[in-house]
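Participant: If you want the building blocks of each chain, they are given just below.
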Amino acid sequence: MVSDVAPLDTAGPDDLTFLDNPKYIDSFTRTGAGACLVHPDQAARAPAGVALLLTNDPYRAYAATAAVFYPPPVPVPGVSPHAVVDDAARLAGDARVEAGAVICAGAEIGAGSWICANAVIGRGVVIGEACIIGAGTTLSHCIIGNRVNLYPGVRVGQDGFGFAMGPQGHLKVPQLGRVIIGDDVEIGANCTIDRGAGPDTVIGAGSKIDNLVQIGHNVRLGRGCVFVAQSGVSGSTWVDDFVAVGGQAGITGHLHIGRGARVGAQSGVMKNVAPGATVGGSPAVPMVEWLRHTAFLTKMVRKPTTRE
Amino acid sequence: MVSDVAPLDTAGPDDLTFLDNPKYIDSFTRTGAGACLVHPDQAARAPAGVALLLTNDPYRAYAATAAVFYPPPVPVPGVSPHAVVDDAARLAGDARVEAGAVICAGAEIGAGSWICANAVIGRGVVIGEACIIGAGTTLSHCIIGNRVNLYPGVRVGQDGFGFAMGPQGHLKVPQLGRVIIGDDVEIGANCTIDRGAGPDTVIGAGSKIDNLVQIGHNVRLGRGCVFVAQSGVSGSTWVDDFVAVGGQAGITGHLHIGRGARVGAQSGVMKNVAPGATVGGSPAVPMVEWLRHTAFLTKMVRKPTTRE
Amino acid sequence: MVSDVAPLDTAGPDDLTFLDNPKYIDSFTRTGAGACLVHPDQAARAPAGVALLLTNDPYRAYAATAAVFYPPPVPVPGVSPHAVVDDAARLAGDARVEAGAVICAGAEIGAGSWICANAVIGRGVVIGEACIIGAGTTLSHCIIGNRVNLYPGVRVGQDGFGFAMGPQGHLKVPQLGRVIIGDDVEIGANCTIDRGAGPDTVIGAGSKIDNLVQIGHNVRLGRGCVFVAQSGVSGSTWVDDFVAVGGQAGITGHLHIGRGARVGAQSGVMKNVAPGATVGGSPAVPMVEWLRHTAFLTKMVRKPTTRE
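From first to last, the protein sequence lines are chains A, B and C.
Once you know that position 109 of the first sequence is 109 in my numbering, the rest is easy, because the numbers rise by one and skip nothing.
Add 1000 to the 1-based position in the second sequence for my numbering, that's all there is to it.
Add 2000 to the 1-based position in the third sequence for my numbering, that's all there is to it.
For the record, the hints were derived by calculation from the structure and aren't laboratory data.
Warning: the hint list may mix true and false statements.
Per the computed footprint, the stretches of chain B lying under chain A, defined by three or more beta-carbons under 8 angstroms from a beta-carbon of chain A, are [to be verified]: (1) 1059–1065; (2) 1095–1106; (3) 1207–1213; (4) 1287–1299.
No more than 25 angstroms apart at the CA atoms, straight line, and that leaves these computed lysine-lysine pairs for BS3-like [claimed, not checked]: (5) A:Lys299 / C:Lys2271; (6) A:Lys271 / B:Lys1023; (7) B:Lys1299 / A:Lys299; (8) B:Lys1023 / A:Lys172; (9) C:Lys2023 / B:Lys1271; (10) A:Lys299 / C:Lys2299; (11) B:Lys1271 / C:Lys2271; (12) B:Lys1172 / C:Lys2271.
Glycine included, each C-beta is placed from N, C-alpha and C at the ideal position.
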């Protein structure tokens, strides 16, 4: 019987823990946990007295188990008297709207959705069911699905960066599209998702975006994409389903990134990427080639006398 | 007669569209638009029935045309009863101040300017005419020109990163300058523009800054500069007129970037850049040289056996 | 007798100035300042009539002197009638809470702390004495020490980026930890500091973080760390005391960065870094080696004919 979950280092006899990253095998061998989710290959290293729960994917099993102990918060329905809700907005009866939130005319808030303090929901914005719109987040020109979680400070639907550049001055191009966000999307703190210029910007269902990520106008992300913190995509690039992009990586505009491709951290993608490919470096090349670049440079500079 | 503008792919017989990027020539050959702005060199590929409007700069022509159909929004004047405006602030009679905005003592808001919901205008901040200050944006220690558009979540005028570092602790250097923003500037969502340490930080007229850009203290941008998303400039660097900086590029402090220089995406500028020069890579070198670096590495690792 | 501080270029006979960066020696030779803090090595270049104040660390001496002329602002105590403070929050009598701030149940605000306009202090957040929480900043799941300065738009305590990824969908891992921020920390505008997944995220006392920096879940920063703008640290990395990280640099997850290490701007750290080491490049290598990479490439491409 366990009553809580805890990290390997601090878990006690009443706690369930997990070993996923082999870097933490030492902590595993010393854990005081009552039970541990672990891959069969690592089970032999377990200390005595720990009930082992064998699984091929301990992290996923932990996620499912921890969610039993810590279910997602359910908002207490109600509109704060300190919120400002336009008469022409439509709120589901069990929505929650906190103090300082501003909800403009024509906005719609679905059942069980939670608008946190000081968020701003612009004119005509549509939010589905069971969403969380973080504190201080601002939305305009967008349609949001169900179970979407926007973290604090996210900016959705402002104009994209569209200017006809020229020495006589940069002329603004009117931005006319929207942002469409699918079900089960999470977007991290202080991310920026611009409205489309003409077509819409689209974030596919189940995509997960970390903090401080930039998504330019007209970008289309497929389903289940993953963007790690501080990465960005320039305008009009299409990213297919289940693409994973590392931290601080950038993808230039008007490209196509194939299904399941992987983009290494800090890499700079300037060409299309084939489905399933893994790329790295700036400019990005196939990952195996980029690793050879680095190995080659290392070899050259560590034996400088052999080069002349 | 056209009644709207639309992208190549979705335009119908009543719509005006445009072809600018040659990547979209296929969409051009299939467009159902009634009229299309296009460069003379591409006109021959047009499908039958499209009225062609020939121009050497289709994107600029589209910008001007689209602005006729979609003029910039004009705010409905008035101060929301849910805004908080200090008695010692001065607002033009036709300014608009939305719910949740906070305007402090000594602030001045010019004619036709629009302060969006939950923005904070600090003590003594001066905002010119026809500006838009986005939702949740915060300003202090700054003077802002006319027709300036600050997107949601922009931070202007907070202290710069000034510390005398040392093992006995990092000692804060008082930040005493302001931010001066010229006319017709746009600053993207969640950008950060720090006040000067002693002199002011200056953003020259007509400069356009994309989302999540960092401008350090004492930086001076000239007129018409362009900074793409997630780029940054460290303190005390001077950037002359019409410099263009790519996405995720960085420029270190105390440099001079000459008029019209271009800085490639993700590059890292650590030396002065001459007027008109184009640089790339990290550390940045002349673009042509950086392209050779990449070509050289590619050649080396693709024929590893010839290297030993 | 001097009555103010000013930069070299604009200082007059009643002003104190300083010379720290040798780049500004020309300005020094022309300064009209009444007095100047300067290193003995540069004193000979002073113009006539300037009283020289010799010091081995002119920038630190300037910081201390300027703070006499411009002491940190002290908030006027009081709670704005336009703030929303839950009855179950505890505020020190001399705290300042500005208009639009929202303070939730169970929060504690220490003596002399200043909650700026439209900030959101979440349930149970504890803030020490003499802190400044910037305009529009949002806090949850965190404990904050004394004399902490969070700039506008900082996000502290939201969920970290924890998902068990998989083609059947990415499963959220409940985030259960807090953020612990030590005394005398400054965190720049629009930074994001995620709560721990199981353990806490920790920012050590005296650390200084510039704008738009990302700190992932479970990261531990030691004392006196410095992170320049747009840098980031991925989850579960431990950074020891007095580590300095350059602008736009990234450190991947589950690493250990030794005491006093230095990470160059834009570099990408993918391995542990030894105490006192200096690294650069992406992937990061010892700085001296990275400089050789660059020198080698430069040599190769500038003499292309000698390579075949």
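Participant: Are any of the numbered hints broken by this structure? If so, which, sorted upward?
Facilitator: Hints 11, 12 not satisfied by this model.
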